[in-house]
Each structure stands twice: as structure tokens, then as C-alpha cells.
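Top line first, the protein sequences correspond to chains A and B.
Residue 390 in the working numbering sits at position 390 of the first sequence; the count goes up by one each step and never skips.
Residue 640 in the working numbering sits at position 179 of the second sequence; the count goes up by one each step and never skips.
Heads up, a few of these hints could be off.
[Stated by the list, open to error] Computed list of lysine to any residue pairs in SDA-like fashion (alpha-carbon distance at most 20 Å, straight line):
| # | chain 1 | residue 1 | chain 2 | residue 2 |
| --- | --- | --- | --- | --- |
| 1 | B | Lys562 | A | Ser457 |
| 2 | A | Lys62 | B | Asp532 |
| 3 | A | Lys64 | B | Lys629 |
| 4 | B | Lys523 | A | Ala378 |
| 5 | B | Lys561 | A | Ala378 |
| 6 | B | Lys564 | A | Leu460 |
| 7 | A | Lys103 | A | Ala165 |
I should point out that these hints are in silico values taken from the structure, not numbers from a laboratory.
There are 2 protein chains.
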Amino acid sequence: MYDLIIIGGGPAGYAAAIRAGQKGKKVVCVEQERPGGTCLNWGCIPTKTIVTSAEVFATVAKSKSFGILCDEPQVDFAQIMARSRRVVDTLARGMDFLFKKNKVESIEGRARIETADTVTVIKADNTMQTLQGKAILIATGGLPKTLPNLVVDGKQVFTSRELLAAKKMPASMIILGGGSIGVECAYYLNALGCKVTLVEMLPHILPLEDAEIAAALTRSFQRQGMTVLTNTKAENIAVSESGVSLDLVGDNKKANLQAEALLVAVGVRANTENLFGENFSLKLDAQGFIAVDEHYQTSVKNVFAAGDVIGAPLLAHVATFEGLQALKGILGEGTPKRVDLFPSCVYCHPQVASVGKNEEALKREGIEYRVGKFPFSASAKAVILAEPEGFIKILTDTTYGEILGAHIVGSGATELIAEYALAMQAELTVDDIHATIHGHPTFAEAGAEAAASVRGSALLI
Amino acid sequence: MYDLIIIGGGPAGYAAAIRAGQKGKKVVCVEQERPGGTCLNWGCIPTKTIVTSAEVFATVAKSKSFGILCDEPQVDFAQIMARSRRVVDTLARGMDFLFKKNKVESIEGRARIETADTVTVIKADNTMQTLQGKAILIATGGLPKTLPNLVVDGKQVFTSRELLAAKKMPASMIILGGGSIGVECAYYLNALGCKVTLVEMLPHILPLEDAEIAAALTRSFQRQGMTVLTNTKAENIAVSESGVSLDLVGDNKKANLQAEALLVAVGVRANTENLFGENFSLKLDAQGFIAVDEHYQTSVKNVFAAGDVIGAPLLAHVATFEGLQALKGILGEGTPKRVDLFPSCVYCHPQVASVGKNEEALKREGIEYRVGKFPFSASAKAVILAEPEGFIKILTDTTYGEILGAHIVGSGATELIAEYALAMQAELTVDDIHATIHGHPTFAEAGAEAAASVRGSALLI
Chain A
1 MYDLIIIGGG PAGYAAAIRA GQKGKKVVCV EQERPGGTCL NWGCIPTKTI
51 VTSAEVFATV AKSKSFGILC DEPQVDFAQI MARSRRVVDT LARGMDFLFK
101 KNKVESIEGR ARIETADTVT VIKADNTMQT LQGKAILIAT GGLPKTLPNL
151 VVDGKQVFTS RELLAAKKMP ASMIILGGGS IGVECAYYLN ALGCKVTLVE
201 MLPHILPLED AEIAAALTRS FQRQGMTVLT NTKAENIAVS ESGVSLDLVG
251 DNKKANLQAE ALLVAVGVRA NTENLFGENF SLKLDAQGFI AVDEHYQTSV
301 KNVFAAGDVI GAPLLAHVAT FEGLQALKGI LGEGTPKRVD LFPSCVYCHP
351 QVASVGKNEE ALKREGIEYR VGKFPFSASA KAVILAEPEG FIKILTDTTY
401 GEILGAHIVG SGATELIAEY ALAMQAELTV DDIHATIHGH PTFAEAGAEA
451 AASVRGSALL I
Chain B
462 MYDLIIIGGG PAGYAAAIRA GQKGKKVVCV EQERPGGTCL NWGCIPTKTI
512 VTSAEVFATV AKSKSFGILC DEPQVDFAQI MARSRRVVDT LARGMDFLFK
562 KNKVESIEGR ARIETADTVT VIKADNTMQT LQGKAILIAT GGLPKTLPNL
612 VVDGKQVFTS RELLAAKKMP ASMIILGGGS IGVECAYYLN ALGCKVTLVE
662 MLPHILPLED AEIAAALTRS FQRQGMTVLT NTKAENIAVS ESGVSLDLVG
712 DNKKANLQAE ALLVAVGVRA NTENLFGENF SLKLDAQGFI AVDEHYQTSV
762 KNVFAAGDVI GAPLLAHVAT FEGLQALKGI LGEGTPKRVD LFPSCVYCHP
812 QVASVGKNEE ALKREGIEYR VGKFPFSASA KAVILAEPEG FIKILTDTTY
862 GEILGAHIVG SGATELIAEY ALAMQAELTV DDIHATIHGH PTFAEAGAEA
912 AASVRGSALL I
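Extracted from the complex, chain A is given alone in its bound form:
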């Protein structure tokens, strides 16, 4: 009898597994692939590794302006993909090590929940094993949504997952969906020489981000050579040996578009396929994600869930947090926290990162606010790095200057956002930011100027 059976070895599952092991619990983690989940194996990690190669390409291409001479760089796509797998393998070995170190039993196989304390596993060698546990944590994550009647073949039609195993880079790609996955793939494909058309149904790409930030990213993407279409749907998708054809429908217009390949990045659904035996069921929400209470417990006692499988925000670091909090719920250690404050990070170039509410949300909720802003074009560090694109924008209440949201587009945004996440976590104000001496020259000091500008006391703008 295990103390805990965890189904899924991604950021929610592995975090809970390691912590349970650290606490001396008898814990088993069942994973159909290998520990690490989508994030490590088919998501954040390989994608950011390819993005890094794209950034290296961009650096080499402009190295002459920095006084470094070399010939025109060439893209070795096979080596880029091979490196992304090597990085994944390295980190996956680290995960194996942590499981062993913390005495987490790891089983490779597909789990099915039969009852609230019984899980059967069909292992890689087709044998079956039955596990008994005092509690079950479902951390099976998500799967890319696809479109009806469209076969994802990994040759002409991809989701993010197949794209990470692509053997060659398509010469041209239509990307359906301008969320973070679509945007990251758009960046690196375009940077490496693929002709990219990015299609988003909603009024702007990165629909969850501040509209002004998204507009800045859109302009940058266009300057980089991409076609970005918003308020646009795709219809009549046809795949043939010669490529992909579809009709773009938007703003009362319709146009045909063809490309060598199609990336479907239209969202993520809960991964609950074949997860429940015929005598087991639990409550799902309207979008098909697993509903949990304030202890991360599902509608079935002793069966808990965390991570992407319980719905948005669908982010690895949120899943890790939820996994650890769910473990508190499972072990009855105080009241677990639900995620209310988290950074969002998009690893295109320029990067996008945010925490808290954006201007649209504040308006929608009728909250009065002030705006502080500082353009990276006025940042010494940005001029030094030749990265003047972007800005930092801080939103505060009108009374105390408490930070309600911070939004960054530009180089290094995904690291810079940490300061604002901490500030919001501790309910600090822009005056706290501004009173802190920031290093010079850094991007971080641009944030301090943005904070000062809320009070009209920026120095450099």
C-alpha cells in the first residue's frame, strides 16, 4: 500500500513526488514516457533550446556590427534538433537522479484509475501491474488540441509536439493560434529561415497579455519578416502532397493561403484519455478539465489533481506550485494555496513576460489605475546590447501605488519579471521599487524608472 500514487511525471507530478519522498512517504510515480512531462520532454525545454539556437543565429548574423567578423551563418537544422534532444536527455537524467535520491518509485506505463485506491498500470512490456494507495494524485497534464478531420502526420501537419521531432524545417509554415506556443514557434521558425504566417482568431496575438504589449510584439514580428493575421479564422483546410491550403476568413474578407506545412497551436485540453476505468468517474469542468476543491481534491475522496489537467493557467511553474500545494492537501498539512499570482513568460524574441492584471482586465473590472512606463530605447543596457525594442509597463492603484500588474516586452523580460512577481507577492508599491538602488547598466533599472514614472518622477524620460 503506497501513501501516494502519482499519475504523471511532469512539473506537477514530479514536484509532488520528490517532496513526498523528502517527507519519507512511500510514493510511486507512473509515467507513460519518462519523468519530466510535456514541459521537459515536448514543451518548454526543447522549445527554449531551439529558441536559443535561433538567437545564436541572429547574433552570428549581426556579429559584424559588434566588430566580430565571420561569414554568413548557415542553419544546421538537424544539429539544432539534436541539441534540443540532448538538453532534454541531460535534464531527464537529472530527474531520474532526483527520483532515486528521494526514494520515489518510478514506473513506466499507462495508468488507469479503477477505484479511489486502486490503479492499474499497463507497462511498456505490456504486462499489467496493480497499485494500491491511500491517495492518488492525477497530474497527467494536457495535450495539444487539434482540429476536426485534420490528421496530424508530423510531416505536413504538426502540433507543437511533432514539430519538436521534425526531421527538416519546412520552407513555409502557417501557424494557427497566436498563443504562447504559436508565438514561440513562429519566432524560431522565422529566425531560422522558414516563411511564417501566424494566424490568430482573436483581436491580438498572445490574447492573455496586455494589448499594448501584444501590439509591440506584432510590430516586431512584422519587422522580422513574419505575416501576422489577427481576427482571422482558417477554413477549408486541405492537405495534399504538395502542401497545405486553407482559406483565411476575417474582417469580411476571404483569401486562400498555401504553405508547405501547418502548425496547429489552438490550445490545450486535459489529458484524461483512458485514465478512468469503467467503474470510476469524477467531475470535470465545462472545458473538460478536472474539477478540484480548495484542497486539490477531486469529486472523489482521496483522489486529487494538480497541474494542466485542472485547467488554466497552463504553465509549468504553476503546475509545480500546484503539485506541492496538492501534496499539502493530501497530507492534511494546513490549507493549500490556489494560484492567484504567477508570472507568464513567452520565450520569443523580444521576450514577453507579465504578472498580475493587464490594462484590459483593470478596465473590465472597473478598477482605477495609474500607468508607469519606460522604453528600452532609453536604457543604456539596451543600447549596449543593440536591443532597444520594447518597454516595461507597471500598473498601480491610484491611492498607494500598489503594483497591480507588470508587463514587459523586450530582451530579458522573462528574468526581469521576477522582481515584480516578488513585489506583488509581498504587496509592495512602486515606491519600494523606486527606493531600491538598481545596478547600472541593467535592464532592471529601466523598471525602477517605470516605477518612478507612475509618480511623475522618472529621471531619464
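Assemble the complex: chain A is given as a structure, and chain B must be docked to it using the hints.
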């Protein structure tokens, strides 16, 4: 009659000048060169620009491992130096713009204080002008210290300033002084192909930084091919047409060393040369820096001072802070703050950054402390970027987990430190850091793990 005469247009002077202008004061800034001071013209900015070129060289040189193919990069030293001057010019124009926008009068010339309300200026065209002001702010900064009987010729013997105007890169360089200036120059010279010997009199390079951090940087510098000698002095320095020769004395040993050139980076002295007329004097401290009271007022009423000229910490961002605080003192707007908390940033590779106390200081002061640490080798972001060197180390008190110091060596350290400066400014604990969700994959999350490790609850180590 001016409200304020500012002598020196560096980070202390320009900050006070712009803020005084914003407040509607009649303010003049006298600067013998052009606004921006050492930092912008002959310090941080051009140095970091050259460091950026060195990093571009390193990226190009290893681009193949990222799947980007090009031939061996060549260093175009003239173009690297030219870019550093272009960046300086761009930012200096920005400073001119800010002066005009904020109605700061700018005079190019050498100022001499005759009385507490009178300054004479010998202008570039050798005419003289007399200025009358209600207050004077001395912000003349510092100058590199040199050695007795050693002529700095800018050909074989350099200080950091002449090196920034070098026409060609020496094939070999002895650097005397392992402080931040010596270390930054050592990094970029070595990276660009110069044979570097870095000589420090004290037990470790970066003597103001945590010893463990300095040891990690030393190992990295050695791996990069530099010779690093500590506890070592130079004697019998001889300069001839064929190069520089000197004796290294340390640990009871003596050895001769020769190189094409010598960089003297042994510290900074106050820039007060010819600053005071024959009927004017004020109190200096034991090191020759100008002594000021809690209002940044010197021993002479209505004469204030800020920035490097009042002594350590000798950092541009500290000078800016002091300039703004001194202005408060001048205008009688509340009690100015003295600098007690500031980030230190060293722009070599790997970078070094810190805030608060290091282990040696805590031991010296008899403060009990806990240590949290996380190696970047266990950071997914570091593996992705192939930058596994370094670590983050957090020091806290033993009761509350209040952060007493944070010390980082590794890629991106100078930006990462901002989160810890804010945390210390707001007197937050490691639990506040750990409770904040950090983006994945980022270097910032390594800090959260270091924070957790203080409590023994890191997940990934």
C-alpha cells in the same frame, strides 16, 4: 544667481541637475568634457559595450554546438572600439537632450570654487566665466590611481581610461589590480585573444566580494586561459620599447614577468585637482575623499558633494542615488538617505553580482547566519544556454530567514540581483522569495531554490 551650481556631469551630477530642472530650479552644470561623466564616457558604458563584443565573439566561436555554422570568427578590434564610442555618443546625446528638456544649463569647462557661492569656469575656448549660486554641488567623481614614477602613456601603460581609447589590442597584458575594473578588462582582453596575467595584492580577486564567489570566478578565468595571481605585488616596473617588465613578489617568491603592455587598475582617488581656489578649502577624509554630513553638506555651508568624490562605494548607480539625495539636502526637502544597501555588479563572464553582506563580513561581525545555495548546473535555463557555471548563494539570519546578503556568480547575475536588492530593501525573508512563483525555465527560479534550501526544502538539489 543660480539656485544650484553643479560641478561634474556624471551620474551624481546629471541626476541632481535633471531633478533640479524638473523642480523648476535655475541650475547650471559645469563639466570639463561632456555630460555623462566617467561612467558614460570612460567607464561602465564603453567597457560593457566591449564586453558585449567579447561575448558575441564567444557565442560565434561556439555557434556550431548550437547548430549554427560559420567559419572561425576574427576580431576587428578597431570596429569594437569604434562601436563602443558610437554607443557612448548615442547615450551622451540622450543626456544633452535631457539637459535641454529639463532646462539645465550646461557649460563645458573647468570649474574652480572660489567661495561658497562663487565658481569660476575656464571654458574650452580659454575664456573665463564667473558663476554665482545659492548652493554648489561637487560631483567631480574620481580618477584612476596610478603608481609612482610610472608614466601612463596609453601605448604600453594604461589605466582603464586610456585602454578605452586604445588603437590596437596588445598581444599580452599584465593587469595590476583584481577589482571590478581589472576583472572586466581581464575578461574582454582574454576573450578577444590577448594573453592576460591578472595580479592582485589581496588574497582574492574582487576583494569586496564573497570569497567563495571570487574563488569560482578565479577558476573560470583560469579555465578561460588567464593567469590569476593573488597575494602578489609588482615591483621594479620597467617600461621599454620592447614591452613592460616587472617583478612579481608574493608568498616569499619573486619572479620576473614581461608583457607587451600594463594596465594599472589599483583603485580610484577623488577628483579634486585644481578644484579649489586659493581662498577656499574644505575637509577631506583620510583617503582624500570629500567629507560630508548627513545632508551631503561639506564642511563649508552651502557646498555639498555626492558621488565618487565622497568615497566608496564607487558605483555609478550609487552616485546617481547620492546625487538625488544630496539635492534633497540642498533644497531642504526632508532628510536625505545615505546609501546602505546597493547592488554590486561586475560585467565579466560569468558575471558577478551581490547585495548586502558576504560570509566574511558576517563572521567578522559575529552575526550567526544560514546559507542557501543553488548551482546553475542544476538549472534548466543554464543547461539550455550552455551556461552551467556559477551559483546563487543567499545568507539569512537564523531566526526569521531575513535576507542578509545575496551573492551570484554566473550568466545574468547583474540582472538577477535586482530581486534580492528589492527583497532586502523591503526586509523580506527567504520564505517570501520561495512563496513567489518564479517562471520556468529561468535563472530566477534558481534563486527561489536557493531560498528554499535555507529551510532545507529545495526541490531540485
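Against the structure, test the hints numbered earlier, and report the numbers of the ones violated in rising order. Violated hints (numbers, rising): 4 and 7; every other hint is consistent with the structure.
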